[in-house]
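Those sequence lines, one after another, are chains C and A. So in the numbering used here, spot 168 of the first sequence is number 168, and the numbers just go up one at a time. So the numbering used here is basically just the index in the second sequence, starting at one, shifted up by 309.
Just so you know, the hints here were simulated from the structure itself, not pulled from any lab data. Keep in mind that the hints are not guaranteed to be accurate.
[As the list claims (entries may be wrong)] Output of the computed footprint for chain A on chain C, the stretches with three or more beta carbons under 8 Å from beta carbons of chain A:
#1 135-143
#2 226-235
#3 245-251
#4 263-276
[To be verified] Below, in silico cross-link-like pairs of lysine to any residue (SDA-like), each with a Cα-Cα straight-line distance of 25 Å or less:
#5 C:7 <-> A:637
#6 A:497 <-> A:522
#7 C:7 <-> A:595
#8 C:157 <-> A:448
#9 C:157 <-> A:332
#10 C:7 <-> A:721
#11 C:157 <-> A:488
#12 C:7 <-> A:332
#13 A:422 <-> A:470
#14 C:157 <-> A:592
#15 A:587 <-> C:67
#16 C:157 <-> A:396
#17 A:378 <-> A:497
#18 C:50 <-> A:616
#19 A:587 <-> C:125
#20 C:157 <-> A:449
#21 C:157 <-> A:738
#22 A:587 <-> C:295
#23 C:82 <-> C:67
#24 A:484 <-> A:439
#25 C:125 <-> A:326
#26 C:157 <-> A:722
#27 A:646 <-> A:677
#28 C:7 <-> A:592
#29 A:587 <-> C:12
#30 C:7 <-> A:731
#31 C:157 <-> A:646
#32 C:7 <-> A:585
#33 C:125 <-> A:331
#34 C:125 <-> A:378
#35 A:507 <-> A:390
#36 C:157 <-> A:662
#37 C:7 <-> A:588
#38 A:484 <-> A:431
#39 C:157 <-> A:477
#40 C:7 <-> A:594
Given the structure is predicted, the values throughout are model-derived calculations rather than measurements. Every residue, glycine too, gets a C-beta built ideally from N, C-alpha and C.
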Amino acid sequence: MLLWLFKRLLFLPVTLFFLVTISFFMMRLAPGGPFSQERKLDPAIETALKEKYHLDQPLFDQYLYFLKGLCHGDLGPSFIQKSKTVNDIIAATLPTSLLLGILAMLIAIAFGLCMGILAALHRGKIIDYSAMLIAVLGLSVPAFVIGPLLQLSFTMKWPLFPTAGYHGFSSPLYLVLPALTLGLPFAARIARLSRSGMLDVLQQDYIKTARARGLSEFRVIFVHALKGALVPVASYLGPAIAAVTTGSLVVEKIFQIPGLGREFVEAALNRDYTLAMGTVIVYGTLLIVLNLLSDLLSAWMDPRLRGQI
Amino acid sequence: MTPSSKGISLSREAWQRLQSHHLAMLSLLFIVVIALACCLAPLLSSIAPETQAAWFHTQAPFSTRPAVKALNHWQLGEASPIEYQNYQKLLIDVQRRDYEDIRVVKREGLIFKIQLIEGAMPLTSFEINQDSHAVYAILRNGQIGQPLPNMTFQLGMIAPAELFLAHQEVAFLRKYQSKNAVDQYLIKQANGKVVEIKNNDQTLSELKLKGSQVQRIQADTVELLITHYLGTDELGRDLYSRILHGGRISILVGLVATLVSLLIGVSVGALSGYLGGKTDRLIMSSVDILYAIPFMFLVILLLVNFGRNLIMLFFALGAVQWLTMSRIIRTQIMSIKQLPYVDAARLCGANSFQIIFHHLLPNCTGTILIYTTLTVPMVIMEESFLSFIGLNVQFQGRSLDSWGTLIFQGMQALGSNGENAWLLIFPAITMGVMLLSLNILGDGLRDAFDPKLRDKD
Numbered sequence: 001m002l003l004w005l006f007k008r009l010l011f012l013p014v015t016l017f018f019l020v021t022i023s024f025f026m027m028r029l030a031p032g033g034p035f036s037q038e039r040k041l042d043p044a045i046e047t048a049l050k051e052k053y054h055l056d057q058p059l060f061d062q063y064l065y066f067l068k069g070l071c072h073g074d075l076g077p078s079f080i081q082k083s084k085t086v087n088d089i090i091a092a093t094l095p096t097s098l099l100l101g102i103l104a105m106l107i108a109i110a111f112g113l114c115m116g117i118l119a120a121l122h123r124g125k126i127i128d129y130s131a132m133l134i135a136v137l138g139l140s141v142p143a144f145v146i147g148p149l150l151q152l153s154f155t156m157k158w159p160l161f162p163t164a165g166y167h168g169f170s171s172p173l174y175l176v177l178p179a180l181t182l183g184l185p186f187a188a189r190i191a192r193l194s195r196s197g198m199l200d201v202l203q204q205d206y207i208k209t210a211r212a213r214g215l216s217e218f219r220v221i222f223v224h225a226l227k228g229a230l231v232p233v234a235s236y237l238g239p240a241i242a243a244v245t246t247g248s249l250v251v252e253k254i255f256q257i258p259g260l261g262r263e264f265v266e267a268a269l270n271r272d273y274t275l276a277m278g279t280v281i282v283y284g285t286l287l288i289v290l291n292l293l294s295d296l297l298s299a300w301m302d303p304r305l306r307g308q309i
Numbered sequence: 310m311t312p313s314s315k316g317i318s319l320s321r322e323a324w325q326r327l328q329s330h331h332l333a334m335l336s337l338l339f340i341v342v343i344a345l346a347c348c349l350a351p352l353l354s355s356i357a358p359e360t361q362a363a364w365f366h367t368q369a370p371f372s373t374r375p376a377v378k379a380l381n382h383w384q385l386g387e388a389s390p391i392e393y394q395n396y397q398k399l400l401i402d403v404q405r406r407d408y409e410d411i412r413v414v415k416r417e418g419l420i421f422k423i424q425l426i427e428g429a430m431p432l433t434s435f436e437i438n439q440d441s442h443a444v445y446a447i448l449r450n451g452q453i454g455q456p457l458p459n460m461t462f463q464l465g466m467i468a469p470a471e472l473f474l475a476h477q478e479v480a481f482l483r484k485y486q487s488k489n490a491v492d493q494y495l496i497k498q499a500n501g502k503v504v505e506i507k508n509n510d511q512t513l514s515e516l517k518l519k520g521s522q523v524q525r526i527q528a529d530t531v532e533l534l535i536t537h538y539l540g541t542d543e544l545g546r547d548l549y550s551r552i553l554h555g556g557r558i559s560i561l562v563g564l565v566a567t568l569v570s571l572l573i574g575v576s577v578g579a580l581s582g583y584l585g586g587k588t589d590r591l592i593m594s595s596v597d598i599l600y601a602i603p604f605m606f607l608v609i610l611l612l613v614n615f616g617r618n619l620i621m622l623f624f625a626l627g628a629v630q631w632l633t634m635s636r637i638i639r640t641q642i643m644s645i646k647q648l649p650y651v652d653a654a655r656l657c658g659a660n661s662f663q664i665i666f667h668h669l670l671p672n673c674t675g676t677i678l679i680y681t682t683l684t685v686p687m688v689i690m691e692e693s694f695l696s697f698i699g700l701n702v703q704f705q706g707r708s709l710d711s712w713g714t715l716i717f718q719g720m721q722a723l724g725s726n727g728e729n730a731w732l733l734i735f736p737a738i739t740m741g742v743m744l745l746s747l748n749i750l751g752d753g754l755r756d757a758f759d760p761k762l763r764d765k766d
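Next comes chain A alone, as it looks inside the complex (with noise of 0.2 Å):
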């Protein structure tokens, strides 16, 4: 016998095939970068997905901000927070509070109202001196934008064009009373405890920071800062690490309640297609009747009133799932129990069980296989879709964000011109790429396996 003539397994030969399918093998790999991912989301994200930085709010992809927490505190003597206690120097830059807040409206290209913000208190003229103060543009996302030069105006004049963003009729002005607009403070450190806090030349004993405060953190010359690569939702939290952390969830439901509609499916098949006769008609029967109750609101009705946990969802997601699993097996079955090899395996005094797990579900791992991966993604939009309608899922009463939630959170954030639209489209790329991965291998596999049902759905 010649080695190419030697004959190989049927799954040997199906995974010969597959690899000749490259959508399907592009598929895979999409599935298994994705899923590997998010199974390795703490060490992708430096951010835990629940960190909020309120005061960040809604920020645009690739916007960084420095590395605070919401609340900060420094004692002289007593041990520095935890994550600033390897660095021996921290400078940190506070935005100033002494400063005033300065409208101006624009009406047909002339200056027609100048008014201080607080208490609305009109002014006929406005002078900007870097030498005494400090004046800078306010931008719409509510930070200071650029320092403003030099330069007098007066109600009536020609609005100057520096002072407006584009396309706006009002600009709002910061007006600090010094020359700085922030405050330097500067903290030394040995082994992790605090030695000395300066303000200038002050000396402090402690100093307590808000994270909305600190405008720039340098530790021993590095500037400490977070860059959200998907930007942030309006909580301040990281959307690229709530993607990775929502996968794991999905990914999590996906698999899990596959498993239990795979148990289900294939026992209740198995034997039905075994047994045959008047057991096969009466679960059959059950089945059919089974499969006109709509069970997505009888699953929203278990989650509603039985808590929201992760058990309960696999239940009910797998218990959804099964009916189509135990047909497909069940026809399998029928089929290959008239092979002769079965009763072969009978006259050497197998039992019923043994020729159920033994010799005829191995002949039907291909169907399993194909059907298996065709349902993940299936449960996993299951899941998404209750969580996009309220129903997440709670552990410890904490919510445990799934790319159902993101979306559905991404949806509501959209902005009136949709100019958060980050929000809503990267989770729905990174689902979207998931279940289609999924759902072209699943073809791929059943290609795979039964070249003849090529053309077939």
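The shape of chain C in the complex, shown without the other chains (with noise of 0.2 Å):
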């Protein structure tokens, strides 16, 4: 177990290595660059600002110059965004998604784990035939599309939430319809797998030896049976969170949520070297920390999976 954990922890740098590399010669290699425009710029202007930022040397020591920043934790000043650093644009916008973020993932563990607990209850009943449809149905409709439906039906048609911005908490009517968009996706895998985790369970000798012992199906459900629908959703969520960040990325572009998924965007499309790689860091990190505590999450629950990992 402390081994499996060591390794883990080994993988951690080299994966994010392995990313800083890639996405920094994927966005060096490719011609053009961030001052290349269609309003030419005065040339020895251009090479002052190349000059500036370093991009009049060789690529690799560029390279090795980026490096050196990242282990100091400086990501570099923002090509477009002039006078601002990176670090000073995730630090205003990462908060804004992490709060999506997170009420997005307490909505679907919400609804999912009770879909799906409901759901194995009443195996092979209109419930379940139901609650699986719906999650089906949630699965299959991708967040830019939910997202454009609820906004014109819940701020057109039935005017109950404002249709978009961010106001953070002193005005939570704006989060509501964002974090449903992000979250139902998600709600509806967490009820598959939730049911599915909880009607092997309940098939389990040690579920009719407590039935059997008399105790209350309550206690049987809620005691004994529940953590068989949680291990696999606490596997699921490292996958969850990375799909969520991808999910922020078109749902702070429909609801106009000043956000780091909108900020890497506008980024990349504008060939904003910097502020793109470090968006790109920041969620590699925040994906492989996450994944790790999921696995632990699940080993913890598990006891079975220790072996496993």
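Build the complex from these two chains, which are given one at a time in their own frames, with help from the hints.
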């Protein structure tokens, strides 16, 4: 177990290094750059700009320079949003994205577990079928379809929520639709996972034993069987977080939320090298760490998994 | 041996089991119908998806317009535009240009203001007399509505109800100087060439008409009309045609990228599972590392930096999806390779290549089929996701609009009250039904190939 943890922790910098290297060379080897726009810059200014951002040096030196900055936690200045550093931009936008992501995950877990457990307990009945149909629907319809449809329904036809924007906790109504949009596909996945996990457990001998010993049905389900529903969900959290971050790219676009996802899309489209790299690194680190936590969580919940890892 | 006890192949049995799964069969039907419709798009829609009719703007489903181009030109003795060459006689109604627009404002039920729009000149009274001129209401979309009856009104008088559209405080009227709102042109043709152009009694040598001017075109007593079954977007492009053609892109990307992921995933998975040992550990560790990389971000960077062409997209999306495939195949191969028939094959002198491709992989067909069915919707979703954030595929400088693009444009064109909702809803429904059907079919296939898995996820 400790060895496994050690190995995984060793993987972390290796994966990050891969990520940084791939994305660095992918951005730099392409023709064009942040200063090659339709309006030609004065050659003198362009040279000065390139010198300032070290773009005049050989690519490999730039790479080493970037790695050096990264080791000090400095992601460099933004090429497009002048006078701001990438660290500033990330510090300003990451909390928004995190808040949204956490809300979405909470919604997904709450909805998903309820649906999955209900379906498992009523296996083969109408509740089961309808819950699973809703779940397949939620899996099939991507966030960029749910989002605009929710917007159309609940801000235009029945104006219950504001259309778009973000004002933090001061007006939480703005957060409802984005969090729902982001969370629903994962609610669907969690519902399916928890249903199958629960069904697995309900057939186990120890549940029969618990029933035979005269425990109340409530105790059997919520104390003994629930854990079975939670284990697959716990191991799914890692991939789910990856998908939530990708989903946030569109949700932030649909609902005009000033988050990190929107910054990334803008930066990528404008060839803002450092900002795009910075966002990828932040997302990558988040993902790797959370994946690790998710694996630890499932190993803690299900001792059988400990042998495997 | 009686016929009933004859053995049937695994796939045959799975197919029989699938047939009893009604929802999955219904999904299969939907998939086939949508995919066929998209393949046959040029036959099913007479309008090309990129044909613009900018003057027509955003129009609701089932609206019709005269079948004319943005610019139409007839000249005596010359060939007629190709669309009209088969007709002997064309009768064209053209909206007259000798009109003035008037604005009438109502306040508390009384006429508050009458104003010529040009120069904002105020009037005190206004007369409608159908014997000398014609007056029409202008609808909110800028088109001409009903002709108005004879009446006279002036400032301060109770506003006549027929002037105003429901719930409107302001009415716009269009007054033509003559009795007719339209000019009629007659074009006679022979053998595809123009022989005569007439306007009332005047003979002309050429006629140039903009699409926006033409109100009606009759060819040999048949009215030439285009019906937009699902409406049009703000450039007057036909949504029905765009959905069908967009589906071709989405489905093509879905299939090819899945194939790419299949090739990589199956080879890596099979190799890793078959060889086992150190190689296996090395490959699976790399897969683990790759798993933690946020691939969609890299795909975005790749497309932005190295061009948004189809080939790039196929490989980029295929490269995202192969990881899971390789893991699944590896597990499968590892359990199959211990079976005695593999040893038997090896004893007969089969080499590793033959064992993998002739003896092991055919036994994974079910798994591969199931996972392929589930990968296609994922890839379609990813491609649409990329289109949605503005990275749609381009081909020869033209952007190829997939379902994701249509949904994005539909969202942008919703209007303040969602009055153009169809532009979002139709593409969303088409794509939703396709993805849902693929997912249900995938689940159904899994149950059919291995009933033990019915309640697994």
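Results of checking the hints against the structure:
Judged by the Cβ-Cβ criterion of 8 Å, the stretch 135-143 of chain C is covered by chain A as claimed, because 6 of its residues qualify and three suffice. Counting residues of the stretch 226-235 of chain C whose CB lies closer than 8 Å to any CB of chain A gives 1, so the stated coverage by that chain is violated, three being the minimum. Interface restraint, the stretch 245-251 of chain C with chain A: holds (4 residues with C-beta to C-beta distance below 8 Å; minimum three). Under a criterion of three residues with beta carbons nearer than 8 Å to beta carbons of chain A, the stated coverage of the stretch 263-276 of chain C is upheld, 6 such residues being counted.
The suggested pairing of residue 7 (chain C) with residue 637 (chain A) holds, with an alpha-carbon distance near 23 Å, which does not exceed 25 Å. Annotation: proposed proximity of residue 497 (chain A) to residue 522 (chain A) holds, straight-line Cα distance about 20 Å (limit 25 Å). A hinted pair counts as satisfied when its Cα atoms are at most 25 Å apart, and residue 7 (chain C) with residue 595 (chain A) qualifies at roughly 13 Å. Proximity of residue 157 (chain C) to residue 448 (chain A) is assessed by CA-CA distance (about 23 Å); at most 25 Å being required, the pair is judged to hold.
At roughly 32 Å between alpha-carbon atoms, residue 157 (chain C) and residue 332 (chain A) are farther apart than 25 Å, so this suggested pair is violated. Distance check on the hinted pair: residue 7 (chain C) and residue 721 (chain A) sit about 48 Å apart at the alpha-carbon level, beyond 25 Å; violated. Distance hint between residue 157 (chain C) and residue 488 (chain A) is unfulfilled; the C-alpha atoms sit about 43 Å from each other, more than 25 Å. A threshold of 25 Å between alpha carbons decides the hint, and for residue 7 (chain C) with residue 332 (chain A) the separation of about 46 Å lies outside it, so the pair is violated.
For the hint pairing residue 422 (chain A) with residue 470 (chain A), the CA-to-CA distance comes to about 15 Å; that is within 25 Å, so the pair holds. With a C-alpha separation of about 53 Å, the suggested pair residue 157 (chain C) and residue 592 (chain A) falls outside the 25 Å cut-off, and the hint is violated. Simply put, residue 587 (chain A) and residue 67 (chain C) have alpha-carbon atoms about 32 Å apart, too far for the 25 Å limit, and the pair is violated. Restraint check for residue 157 (chain C) and residue 396 (chain A): not satisfied, since their Cα atoms lie roughly 48 Å apart, outside the 25 Å limit.
Distance check on the hinted pair: residue 378 (chain A) and residue 497 (chain A) sit about 19 Å apart at the alpha-carbon level, within 25 Å; holds. Under the criterion of a C-alpha separation no larger than 25 Å, the hint pairing residue 50 (chain C) with residue 616 (chain A) is consistent with the structure, at around 24 Å. Among the hinted pairs, residue 587 (chain A) with residue 125 (chain C) is inconsistent with the structure: their alpha-carbon atoms are about 48 Å apart, more than 25 Å. Pair hint residue 157 (chain C) plus residue 449 (chain A) holds up; C-alpha atoms about 20 Å apart against a cutoff of 25 Å.
For the proposed pair residue 157 (chain C) and residue 738 (chain A), the alpha carbon gap of about 18 Å is at most 25 Å, so the pair holds. With a C-alpha separation of about 23 Å, the suggested pairing of residue 587 (chain A) with residue 295 (chain C) holds against the 25 Å cut-off. A threshold of 25 Å between alpha carbons decides the hint, and for residue 82 (chain C) with residue 67 (chain C) the separation of about 21 Å falls inside it, so the pair holds. Proposed proximity of residue 484 (chain A) and residue 439 (chain A) is supported: the alpha carbons are some 10 Å apart, at most 25 Å.
Our distance criterion of 25 Å between C-alpha atoms is met by residue 125 (chain C) and residue 326 (chain A), whose separation comes to about 21 Å. At roughly 15 Å between alpha-carbon atoms, residue 157 (chain C) and residue 722 (chain A) fall within 25 Å of each other, so this suggested pair holds. With a C-alpha separation of about 17 Å, the suggested pair residue 646 (chain A) and residue 677 (chain A) falls inside the 25 Å cut-off, and the hint holds. Between residue 7 (chain C) and residue 592 (chain A), the direct Cα distance comes to roughly 16 Å. Compliance with the 25 Å bound is thereby established for this hinted pair.
Restraint check for residue 587 (chain A) and residue 12 (chain C): the C-alpha separation of about 21 Å stays at or below 25 Å, so the hint holds. Restraint check: the Cα-Cα separation between residue 7 (chain C) and residue 731 (chain A) comes to about 53 Å, which exceeds 25 Å; the hinted pair is violated. A hinted pair counts as satisfied when its Cα atoms are at most 25 Å apart, and residue 157 (chain C) with residue 646 (chain A) does not qualify at roughly 59 Å. At roughly 20 Å between alpha-carbon atoms, residue 7 (chain C) and residue 585 (chain A) fall within 25 Å of each other, so this suggested pair holds.
Taking the CA atoms of residue 125 (chain C) and residue 331 (chain A), the gap is about 17 Å. The hint holds against a cut of 25 Å. The hinted pair formed by residue 125 (chain C) and residue 378 (chain A) fails the criterion: a straight-line CA distance of about 58 Å is larger than 25 Å. The straight-line distance between the Cα atoms of residue 507 (chain A) and residue 390 (chain A) is roughly 17 Å, inside the 25 Å bound, and the hint therefore holds. Proposed proximity of residue 157 (chain C) and residue 662 (chain A) is contradicted: the alpha carbons are some 62 Å apart, above 25 Å.
Between residue 7 (chain C) and residue 588 (chain A) the CA atoms are separated by roughly 18 Å; this keeps the pair inside 25 Å, and the hint holds. The suggested pairing of residue 484 (chain A) with residue 431 (chain A) holds, with an alpha-carbon distance near 15 Å, which does not exceed 25 Å. Between residue 157 (chain C) and residue 477 (chain A), the direct Cα distance comes to roughly 20 Å. Compliance with the 25 Å bound is thereby established for this hinted pair. With a CA separation close to 10 Å, the supplied pair residue 7 (chain C) and residue 594 (chain A) stays within the 25 Å bound.
In the structure shown, a violation is registered for the earlier hints numbered 2, 9, 10, 11, 12, 14, 15, 16, 19, 30, 31, 34, 36, in ascending order.
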